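Note that the working numbering gives residue 418 to position 90 of the sequence shown, counting from 1, and the numbers run on in steps of one.
These are calculated hints, taken from the structure and not from any lab test.
Because the structure is a prediction, the values reported are computed rather than measured.
No false leads were mixed into what you were given.
Computed beta-carbon distance windows for the label pairs:
no., residue 1, residue 2, range
1, Y630, G357, 25 to 31 Å
2, E411, V487, 28 to 34 Å
3, K491, E618, 42 to 48 Å
4, N413, E581, 17 to 23 Å
5, M356, T489, 46 to 52 Å
6, P398, S454, 25 to 31 Å
7, K417, R667, 53 to 59 Å
8, K491, E374, 46 to 52 Å
9, E411, A348, 33 to 39 Å
10, E510, K417, 23 to 29 Å
Within a straight-line C-alpha distance of at most 20 Å, the following computed DMTMM-like cross-link-like pairs (lysine to aspartate or glutamate) qualify:
no., residue 1, residue 2
11, K708, D369
12, K622, E374
13, K622, E633
14, K542, D629
15, K684, E352
16, K478, D696
17, K514, D483
18, K542, D511
19, K622, D539
20, K708, E367
21, K402, D580
22, K522, E510
23, K493, D463
24, K644, E711
25, K514, E551
26, K351, D674
27, K660, E681
28, K542, E411
29, K354, E682
30, K555, E510
31, K493, E470
32, K722, E633
For each residue, glycine too, the CB sits at the ideal point set by N, CA and C.
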Amino acid sequence: MNLSKKALMIYPSVTLEITAKAKEMKEMGINVIGFGAGEPDFNTPENIQNAGIEAIQSGNTKYTATSGIPELKKAICQKLKSENNLDYKTNNIIISNGAKQSIFNALFAILNPGDEVIMPIPYWVSYPEFIRLCDGIPIPIETKEENGFKISVRDLDYVLTPKTKALILNSPSNPTGTVYNEDELKEIANWAVKNNIFVISDEIYEKLVYDGHKHISIASFSEEIKKLTIVINGMSKAYAMTGWRIGYAACDEEIVKVMTNIQSHTTSNPCSISQYASVEGLIGDQFIIEEMKKHFIARRDYMVEKINSINGLSCKKPVGAFYVMANISKLKGLNIKGRTINTSLDFANLLLEEGKVAVIPGSAFGADDFVRLSYATSMKNIEEGLKRIEEILK
Numbered sequence: 329m330n331l332s333k334k335a336l337m338i339y340p341s342v343t344l345e346i347t348a349k350a351k352e353m354k355e356m357g358i359n360v361i362g363f364g365a366g367e368p369d370f371n372t373p374e375n376i377q378n379a380g381i382e383a384i385q386s387g388n389t390k391y392t393a394t395s396g397i398p399e400l401k402k403a404i405c406q407k408l409k410s411e412n413n414l415d416y417k418t419n420n421i422i423i424s425n426g427a428k429q430s431i432f433n434a435l436f437a438i439l440n441p442g443d444e445v446i447m448p449i450p451y452w453v454s455y456p457e458f459i460r461l462c463d464g465i466p467i468p469i470e471t472k473e474e475n476g477f478k479i480s481v482r483d484l485d486y487v488l489t490p491k492t493k494a495l496i497l498n499s500p501s502n503p504t505g506t507v508y509n510e511d512e513l514k515e516i517a518n519w520a521v522k523n524n525i526f527v528i529s530d531e532i533y534e535k536l537v538y539d540g541h542k543h544i545s546i547a548s549f550s551e552e553i554k555k556l557t558i559v560i561n562g563m564s565k566a567y568a569m570t571g572w573r574i575g576y577a578a579c580d581e582e583i584v585k586v587m588t589n590i591q592s593h594t595t596s597n598p599c600s601i602s603q604y605a606s607v608e609g610l611i612g613d614q615f616i617i618e619e620m621k622k623h624f625i626a627r628r629d630y631m632v633e634k635i636n637s638i639n640g641l642s643c644k645k646p647v648g649a650f651y652v653m654a655n656i657s658k659l660k661g662l663n664i665k666g667r668t669i670n671t672s673l674d675f676a677n678l679l680l681e682e683g684k685v686a687v688i689p690g691s692a693f694g695a696d697d698f699v700r701l702s703y704a705t706s707m708k709n710i711e712e713g714l715k716r717i718e719e720i721l722k
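Required output: the full structure, derived from the provided sequences and hints.
Quick look at the structure:
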């Protein structure tokens with residue numbers, strides 16, 4: 329078939345491939361422990377559920393403005409002001425069908441064919457595909473585990489060209505849990521301003537930060553960096569609202585207008601019911617966030633300690649999000665259970681088929697020496713899953 333060349337150059341998701349295989353095994357009655365989850369295993373808080381129900385019963389089930397309802401935009405502006413020291417008006421806000429759409433809209437709005445977008449490795453799986461779909465060129469920067477998977481201004485200077493248009497910065501990070509501190513962010517902000525580079529700041533995990541670390545938005549340092557920054561956030565991770573599909577972007581009004589035009593011809597407005605429920609999420613009781621964090625910290629600590637006790641595996645303790653990147657470089661080239669481990673996908677298939685444990689191969693994130701494990705699952709599952717991995721590697 330004579331199909332779209334642009335669409336055909338998009339790589340299939342390795343994450344979905346492993347997830348689909350694990351799901352198929354579960355449907356066959358096989359007890360699979362899944363460490364692939366990119367969502368909290370908690371239900372949406374009751375007050376948010378009730379706000380969604382009330383929206384339905386009140387008849388708020390019609391089209392809204394493409395960029396979202398005024399009530400939610402105002403709540404987002406209040407949140408950004410009080411929590412992130414960012415002063416935006418409602419015309420600086422666009423609400424989309426999840427943060428994923430917000431990022432795509434942002435890239436579509438700023439990129440021209442051949443523009444380059446810098447992204448640190450490991451990166452979230454969709455970043456390079458978004459960039460390609462928008463006719464841009466992804467420019468990956470290798471990071472080192474011993475440096476906390478962070479980029480520096482020296483790294484940025486090394487890949488800077490006249491075609492560099494934007495940097496995608498994800499802090500806290502999926503998949504590494506990396507959180508940039510104030511000094512590091514200021515250096516990156518100064519570099520962006522000096523070189524007139526857009527920063528797409530993906531802050532979806534901002535509330536899931538641990539051990540005294542603090543999330544800071546790079547847009548908060550000056551008007552110059554704020555004008556260049558597109559802040560991305562949403563309701564999915566902090567409020568256990570992944571299925572409600574609400575994300576948002578905060579940025580210069582000119583960019584918002586272009587993003588709104590794009591959205592108007594693709595999806596139109598995000599779900600009206602979800603928008604009204606999100607207002608309650610932002611202005612209502614924030615108790616659920618602290619409760620989730622307590623569980624995530626306990627799970628993370630157990631997972632990190634256990635992984636580092638398993639022969640052939642190691643990891644650093646992440647300070648954000650809910651993932652651990654386990655280093656498998658010592659296993660490469662070894663024969664385990666009759667299988668030679670040459671890649672992270674080889675190892676992920678070994679664990680799934682022999683141990684009935686699903687992990688995400690690091691190749692999905694551009695980092696083949698690792699696999700990603702999510703601790704957004706019960707402690708019981710974590711204990712059992714890591715026990716199975718340990719038995720395979722003994």
